Amino acid sequence: MKTTPLAPTLLPAHLIPGAALDTGKTVGKGVNVRHGTLLTLEDINVSFDGFQALTDLTLYIGVGELRCIIGPNGAGKTTLMDVITGKTRPDSGTAYFGEQYDLTTMSEVQIAQAGIGRKFQKPTVFEALSVFENLELAQKANKSVWASLRARLSGEQKERIDEVLQTIRLEASRHRPAGLLSHGQKQFLEIGMLLMQEPHLLLLDEPVAGMTDAETEFTAELFKSLARQHALMVVEHDMGFVGSIADHVSVLHQGRVLAEGSLEQVQNDERVIEVYLGR
Amino acid sequence: MTQALNQTLLARATAKLGPQVSLVLGLLVLAILVAMPLLHLLPAEHTLHISAYSLTLVGKILCYAIVALALDLVWGYAGLLSLGHGLFFALGGYAMGMYLMRQSAGDGLPAFMSFLAWTELPWYWYGTSSFLWAMCLVVLAPGLLALVFGFFAFRSRIKGVYFSIMTQALTFAGMLLFYRNETGFGGNNGFTGFTRILGFDITATGTRAALFLATLVVLLGSLYLGFVLARSKFGRVLTALRDAENRLMFCGYDPRGYKLFIWVLSAVLCGLAGALYVPQVGIINPGEMSPTNSIEAAVWVALGGRGTLLGPLLGAGIVNGMKSWFTVAFPEYWLFALGALFILVTLFLPKGVVGLLRKEPTP
Ligand SMILES: Nc1ncnc2c1ncn2[C@@H]1O[C@H](COP(=O)(O)OP(=O)(O)OP(=O)(O)O)[C@@H](O)[C@H]1O
Ligand SMILES: [Mg+2]
Numbered sequence: 001m002k003t004t005p006l007a008p009t010l011l012p013a014h015l016i017p018g019a020a021l022d023t024g025k026t027v028g029k030g031v032n033v034r035h036g037t038l039l040t041l042e043d044i045n046v047s048f049d050g051f052q053a054l055t056d057l058t059l060y061i062g063v064g065e066l067r068c069i070i071g072p073n074g075a076g077k078t079t080l081m082d083v084i085t086g087k088t089r090p091d092s093g094t095a096y097f098g099e100q101y102d103l104t105t106m107s108e109v110q111i112a113q114a115g116i117g118r119k120f121q122k123p124t125v126f127e128a129l130s131v132f133e134n135l136e137l138a139q140k141a142n143k144s145v146w147a148s149l150r151a152r153l154s155g156e157q158k159e160r161i162d163e164v165l166q167t168i169r170l171e172a173s174r175h176r177p178a179g180l181l182s183h184g185q186k187q188f189l190e191i192g193m194l195l196m197q198e199p200h201l202l203l204l205d206e207p208v209a210g211m212t213d214a215e216t217e218f219t220a221e222l223f224k225s226l227a228r229q230h231a232l233m234v235v236e237h238d239m240g241f242v243g244s245i246a247d248h249v250s251v252l253h254q255g256r257v258l259a260e261g262s263l264e265q266v267q268n269d270e271r272v273i274e275v276y277l278g279r
Numbered sequence: 001m002t003q004a005l006n007q008t009l010l011a012r013a014t015a016k017l018g019p020q021v022s023l024v025l026g027l028l029v030l031a032i033l034v035a036m037p038l039l040h041l042l043p044a045e046h047t048l049h050i051s052a053y054s055l056t057l058v059g060k061i062l063c064y065a066i067v068a069l070a071l072d073l074v075w076g077y078a079g080l081l082s083l084g085h086g087l088f089f090a091l092g093g094y095a096m097g098m099y100l101m102r103q104s105a106g107d108g109l110p111a112f113m114s115f116l117a118w119t120e121l122p123w124y125w126y127g128t129s130s131f132l133w134a135m136c137l138v139v140l141a142p143g144l145l146a147l148v149f150g151f152f153a154f155r156s157r158i159k160g161v162y163f164s165i166m167t168q169a170l171t172f173a174g175m176l177l178f179y180r181n182e183t184g185f186g187g188n189n190g191f192t193g194f195t196r197i198l199g200f201d202i203t204a205t206g207t208r209a210a211l212f213l214a215t216l217v218v219l220l221g222s223l224y225l226g227f228v229l230a231r232s233k234f235g236r237v238l239t240a241l242r243d244a245e246n247r248l249m250f251c252g253y254d255p256r257g258y259k260l261f262i263w264v265l266s267a268v269l270c271g272l273a274g275a276l277y278v279p280q281v282g283i284i285n286p287g288e289m290s291p292t293n294s295i296e297a298a299v300w301v302a303l304g305g306r307g308t309l310l311g312p313l314l315g316a317g318i319v320n321g322m323k324s325w326f327t328v329a330f331p332e333y334w335l336f337a338l339g340a341l342f343i344l345v346t347l348f349l350p351k352g353v354v355g356l357l358r359k360e361p362t363p
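Top line first, the protein sequences correspond to chains A and B. For the first sequence, UniProt numbering begins at 1 and goes up steadily by one. For the second sequence, UniProt numbering begins at 1 and goes up steadily by one.
Misleading hints may appear alongside valid ones.
Here are the computed lysine-lysine pairs in the DSBU-like style, where the Cα-Cα straight-line distance is at most 35 Å [as the list claims (entries may be wrong)]:
1) A:224 to A:87
2) A:158 to B:323
3) B:351 to A:140
4) B:323 to A:122
5) A:122 to A:224
6) B:60 to B:159
7) B:159 to B:323
8) B:323 to B:60
9) A:140 to A:122
10) B:323 to A:87
11) B:233 to A:158
12) A:87 to B:233
13) B:159 to A:122
14) B:60 to B:233
15) A:87 to B:60
16) B:351 to B:159
17) A:140 to B:233
18) A:122 to A:158
19) B:60 to A:140
20) B:60 to A:122
21) A:87 to A:158
22) B:233 to B:159
23) B:351 to B:233
24) A:87 to A:122
25) A:224 to B:60
26) A:140 to A:158
Listed next, the stretches of chain A that the computed footprint assigns to chain B, with coverage defined by at least 3 CB atoms under 8 Å from CB atoms of chain B [claimed, not checked]:
27) 127-133
28) 240-253
These are calculated hints, taken from the structure and not from any lab test. Owing to the predicted nature of the structure, the values given are computational and were not obtained by experimental measurement. Just so it is clear, CB atoms sit at the ideal spot from N, CA and C, and this is done for glycine as well.
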């Protein structure tokens, strides 16, 4: 696979960073952000049968920010995403999306509809459906039963799917069942599905696992171009990848935020070195 | 080399031929099915005459085919294996049976009630002398039960084996309830001895032919409905739900509504099938709710091919064809044969008979 830097013209219109978001305004439809904070997690505690997976975790994500979360296996990174998306309820703590969405009281579906998209650690696509149909289902639209019974794709919607197919470089496979794609292609398809949803916040759990170097490089370009218009929270073990995209890194260890700062800063933090080398 | 080439050419040719052949075959079967009731109208001595026995047998299988299709909509498409569809079928049958009992009882009480020395109709029998109301019950009884059951089951996110077991328990509970005389549905004898439907003699050749045609129409209607649903975005959401429910929720779809819709629709189709079955077969009793009946329906679908529209129809036809032969030739071995069939299909034909016919050449 050839890697070309992502020219802005390659990107669908809605992905091109347009007017920078001002703080203190409303993002998209109805997410109120104050002081530029899109996601607010404060003193989150999660335990599974007595095992403390997250402890007093506090984390803020700004509008348009690209945040990387790193940490050893079992640090609680996936659990953190589960809390944000409503899959796991915290035992205590507050979780707000914008100012008005209290994530601890919302269902997974409501959270998704409010504008938080998620890519799973294990790539999860609809295997029996074609690549095109996967994107069609993910597309932002009325997702009620009645709407689906009567849905017809408009020309505009088809164009948007084509644009995303181009972005994720799967045009040639549009009619293939998603189950037949390679691991890396599935990762891209899932990222494409997120783009179709047009979320304000994208949570990406190990997006480049199983990708070739070229694919990883391409993904880095893609994410950088998505930031500003969207906020991204990326969990990754690949430090090269993290270094190439992140402005800001949080290190998680045993359910706590151990350090925060630029990659260089956290890599020189003694506690972080200890955690990574001590294993 | 040339042989390999020949083979791929052959494979391509058959792949192209496939849809046409199945279309021709399908039309042929349809023509036969339309002709059967007409041939039944011929005088009995005519060589082409079709006996009441054969017509009833095929009519019965058509009813089962509707059940198979309905089950496939929830199992093959939405991934919800119901082992209780026999209950919905029986409820539709009982609703129709109530009307038929009132027809044969005239102004009096149905015979089994007089036998129990009841002097008044129970409240739920009110209005059942009206064909229209009985038809409403055919839809409402299975539909509402499915709605209530589905609402709670899907809200509690009951899935997989747990869901199947609950549906099985439901039909079992229904059977026990209907076995009781006090329930007011004729206890273990159920309903029988029907004489008239809409004023016509129920055993007359014309009535039989009309009932058969009505069944065929409902089957074709269900097939068309399934076709439209499967091709809609709704159908794709169901497939997505079956394969990755979590992913679907994080895409912003609430699976509960989707499951409930297809679940209730499926139950109603079963109810209609039951309502058509009872006047043709002439009897309905709680045995129709026995767990094995529902399991058998799942075998039809698995054998024919899950997640396809024609598969379940084929499955219902093949298994019931075999069953009627077996129950004459070796009645005591039928259940063993059914079990063996199910195991063989699961092991060797994961996509059912349709998968076998459709076997595409691997590129
Ligand atoms: N549902 C659960 N029940 C019990 N324990 C759980 C559950 N989910 C996660 N855990 C535990 O919580 C801890 C954090 O898990 P988590 O999956 O969040 O780690 P992670 O940082 O994503 O790790 P990795 O890098 O391996 O993906 C682990 O010790 C895990 O075993
Ligand atoms: Mg993880």
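Take a quick look at whether residue 87 of chain A and residue 233 of chain B sit within 35 Å of each other, Cα to Cα. holds (26 Å)
Hint consistency between residue 158 of chain A and residue 323 of chain B [alpha-carbon to alpha-carbon, up to 35 Å]: This hinted pair is violated, its Cα atoms lying about 50 Å apart.
Examine the segment 127-133 of chain A for residues whose CB is less than 8 Å from any CB of chain B, and state whether their number is three or more. Check passed, 4 qualifying residues.
Would you mind confirming whether the straight-line C-alpha gap from residue 351 of chain B to residue 233 of chain B stays at or under 35 Å? holds (23 Å)
Given the hint that residue 233 of chain B pairs with residue 158 of chain A, test it: the Cα-Cα distance must not exceed 35 Å. OK: residue 233 of chain B and residue 158 of chain A at ~14 Å, within 35 Å.
Hint consistency between residue 224 of chain A and residue 60 of chain B [alpha-carbon to alpha-carbon, up to 35 Å]: violated (64 Å)
Given the hint that residue 159 of chain B pairs with residue 323 of chain B, test it: the Cα-Cα distance must not exceed 35 Å. holds (32 Å)
Holds or violated: residue 323 of chain B and residue 60 of chain B, Cα atoms, limit 35 Å. Satisfied, since the Cα-Cα distance of roughly 12 Å is no more than 35 Å.
Measure nothing beyond the straight line between the CA atoms of residue 60 of chain B and residue 122 of chain A; if it is 35 Å or shorter, mark the hint as holding. violated (48 Å)
Holds or violated: are the alpha carbons of residue 351 of chain B and residue 140 of chain A at most 35 Å from each other? Holds, at roughly 34 Å.
Does residue 122 of chain A lie within 35 Å of residue 87 of chain A when you go C-alpha to C-alpha? holds (16 Å)
Given the hint that residue 87 of chain A pairs with residue 158 of chain A, does the C-alpha gap stay at or below 35 Å? holds (31 Å)
In summary, the numbered hints that this structure violates are 2, 4, 10, 15, 19, 20, 25 and 28.
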